[in-house]
Every structure is written in C-alpha cells, then in structure tokens.
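Using the sequences and the hints, build the whole thing.
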Amino acid sequence: MTSEDLAALYRGYIGCLNRQDWDNLDSFVHEDAHYNGKRIGLSGYRTMLESDFLAIPDLHFAIDFLVIEPPRVASRLLFSCTPVGELFGLPVNGRKVSFTENVFYEFEDARIRNVWSVIDKAAIAAQL
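Heads up, the sequence shown is in the working numbering, so the first residue is 37 and it goes up one at a time.
Think of the hints as simulated: they come from the structure by calculation, not from any bench.
Virtual Cβ for every residue (Gly too), placed ideally from N, Cα, C.
Do not take every clue at face value.
Keeping only pairs whose Cα atoms sit at most 25 angstroms apart, straight-line, the calculated SDA-like set for lysine to any residue is [said to hold, decoys possible]:
| no. | residue 1 | residue 2 |
| --- | --- | --- |
| 1 | Lys132 | Ala162 |
| 2 | Lys74 | Glu40 |
| 3 | Lys157 | Asp100 |
| 4 | Lys132 | Lys74 |
| 5 | Lys74 | Glu142 |
| 6 | Lys157 | Ser111 |
| 7 | Lys74 | Arg131 |
| 8 | Lys157 | Pro107 |
| 9 | Lys157 | Gly73 |
| 10 | Lys132 | Ser39 |
| 11 | Lys74 | Val139 |
| 12 | Lys132 | Gly73 |
| 13 | Lys74 | Tyr46 |
| 14 | Lys157 | Glu142 |
| 15 | Lys132 | Leu90 |
| 16 | Lys74 | Ser153 |
| 17 | Lys132 | Asp145 |
| 18 | Lys157 | Thr83 |
| 19 | Lys132 | Asp100 |
| 20 | Lys74 | Leu42 |
Quick list of simulated restraints, FRET-style, between CB atoms [unchecked claim]:
| no. | residue 1 | residue 2 | range |
| --- | --- | --- | --- |
| 21 | Arg149 | Ile99 | 18 to 26 angstroms |
| 22 | Glu105 | Ala162 | 27 to 35 angstroms |
| 23 | Ser39 | Gly125 | 36 to 44 angstroms |
| 24 | Asp100 | Tyr71 | 27 to 35 angstroms |
| 25 | Thr38 | Arg131 | 40 to 48 angstroms |
| 26 | Asp68 | Leu164 | 33 to 41 angstroms |
| 27 | Met37 | Arg131 | 37 to 45 angstroms |
| 28 | Arg55 | Gly77 | 16 to 24 angstroms |
Structure representation (structure tokens):
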C-alpha cells in the first residue's frame, strides 16, 4: 500500500467515525484490533467509539496533520466538543472544551490492527 493509498484509507476511516457509520467500521478496523496494547477486537473498538459519542454527542474528529510511513500512520486530531458529564475523569458537565489526541496506527490487510493513543487531558483540566 502506498502512502497516498494509506492516507486516503485513513481519511475514509475518520469520515466513518464522524458519520457514526458503525456498520462499515469493519472496512477500516481489523477484527483483531488492539488499543494501547490491549486486545479489544472489532466489537470492543466499536463499543468504545459508541460510548465516546454517547458521552460527547457533538464529537467530531478533525485531522490536524498526518505522517504516513506504511504500514503506519501518525495523526494529531483536534477536538472542540461539549461532553455531557465527566470526560476522562474530569467534571466537564456540559462545558465546551478543546483538546488534542496524538495517535499512532498500524495497518494490516488494509485495516487498523494496532492503535496507540495519547490524549491531552491537561488541556481539558486547564479549561475547567
């Protein structure tokens, strides 16, 4: 897979998340997906994302930048959202917050197999 192909695939994945198109998540995420070193599988990955959207109804993934080195993608994602309760253990409770996520993906068979994510929780805490 070329860098251009992988970038297009990743942008398709982000679009899938923003549409909450869970029926097509398997087009982008491997059935044996791992998140931060833990095997959660496709169903666990879907459950995690569905929970995120329940906690943050206006959640939107915005790509700030991408670095592609097949089979890996590094991305900085931007979020500006209004969580309904706690977010990462912080009492946001309906206040609008902005934060970033630095996330690394490893693809296998043209689908995400491994994800390593670091969310800037300190940025959220500073806004509260």
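So, going through the hints one by one against the coordinates:
1. Distance check on the hinted pair: Lys132 and Ala162 sit about 12 angstroms apart at the alpha-carbon level, within 25 angstroms; holds.
2. Taking the CA atoms of Lys74 and Glu40, the gap is near 29 angstroms; set against the 25 angstroms cutoff, the hint is violated.
3. A hinted pair counts as satisfied when its Cα atoms are at most 25 angstroms apart, and Lys157 with Asp100 qualifies at roughly 18 angstroms.
4. With a C-alpha separation of about 30 angstroms, the suggested pair Lys132 and Lys74 falls outside the 25 angstroms cut-off, and the hint is violated.
5. Between Lys74 and Glu142, the direct Cα distance comes to roughly 14 angstroms. Compliance with the 25 angstroms bound is thereby established for this hinted pair.
6. The hinted pair formed by Lys157 and Ser111 meets the criterion: a straight-line CA distance of about 17 angstroms does not exceed 25 angstroms.
7. Under the criterion of a C-alpha separation no larger than 25 angstroms, the hint pairing Lys74 with Arg131 is inconsistent with the structure, at around 31 angstroms.
8. Restraint check: the Cα-Cα separation between Lys157 and Pro107 comes to about 28 angstroms, which exceeds 25 angstroms; the hinted pair is violated.
9. As the CA atoms of Lys157 and Gly73 are separated by approximately 20 angstroms, the hinted pair is consistent with the 25 angstroms bound.
10. Between Lys132 and Ser39 the CA atoms are separated by roughly 35 angstroms; this puts the pair beyond 25 angstroms, and the hint is violated.
11. Using a Cα cut-off of 25 angstroms, the hinted pair Lys74 and Val139 holds, with the two alpha carbons roughly 15 angstroms apart.
12. For a cut-off of 25 angstroms, the pair hint linking Lys132 to Gly73 is broken: about 30 angstroms separates their Cα positions.
13. Of the supplied pair hints, the one linking Lys74 and Tyr46 holds, its CA atoms being roughly 21 angstroms apart against a limit of 25 angstroms.
14. Proximity of Lys157 to Glu142 is assessed by CA-CA distance (about 24 angstroms); at most 25 angstroms being required, the pair is judged to hold.
15. For the proposed pair Lys132 and Leu90, the alpha carbon gap of about 15 angstroms is at most 25 angstroms, so the pair holds.
16. Our distance criterion of 25 angstroms between C-alpha atoms is met by Lys74 and Ser153, whose separation comes to about 12 angstroms.
17. For the hint linking Lys132 to Asp145, the alpha-carbon distance of about 38 angstroms lies beyond 25 angstroms, and the restraint is violated.
18. Distance hint between Lys157 and Thr83 is fulfilled; the C-alpha atoms sit about 21 angstroms from each other, no more than 25 angstroms.
19. Restraint check: the Cα-Cα separation between Lys132 and Asp100 comes to about 19 angstroms, which is no more than 25 angstroms; the hinted pair holds.
20. The suggested pairing of Lys74 with Leu42 holds, with an alpha-carbon distance near 24 angstroms, which does not exceed 25 angstroms.
21. The hint said 18 to 26 angstroms for the Cβ distance between Arg149 and Ile99, and at roughly 20 angstroms that hint holds.
22. Checked against the hint of 27 to 35 angstroms, the C-beta distance between Glu105 and Ala162 comes to roughly 32 angstroms, which is consistent with it.
23. Range check, Ser39 to Gly125: about 37 angstroms between beta-carbon atoms, so the 36 to 44 angstroms window is met.
24. In this structure the supplied range 27 to 35 angstroms is violated for Asp100 paired with Tyr71, their Cβ-Cβ distance being about 21 angstroms.
25. About 43 angstroms separates the C-beta atoms of Thr38 and Arg131, a value consistent with the hinted range of 40 to 48 angstroms.
26. Separation of Asp68 from Leu164 is about 37 angstroms and conforms to the stated range, judged on CB atoms against 33 to 41 angstroms.
27. For Met37 and Arg131, the Cβ-Cβ distance of about 41 angstroms falls inside the hinted range of 37 to 45 angstroms, so the restraint holds.
28. Restraint check, Arg55 to Gly77: a C-beta distance of roughly 22 angstroms satisfies the suggested window 16 to 24 angstroms.
Violated hints for the displayed structure, listed by number in ascending order: 2, 4, 7, 8, 10, 12, 17, 24.
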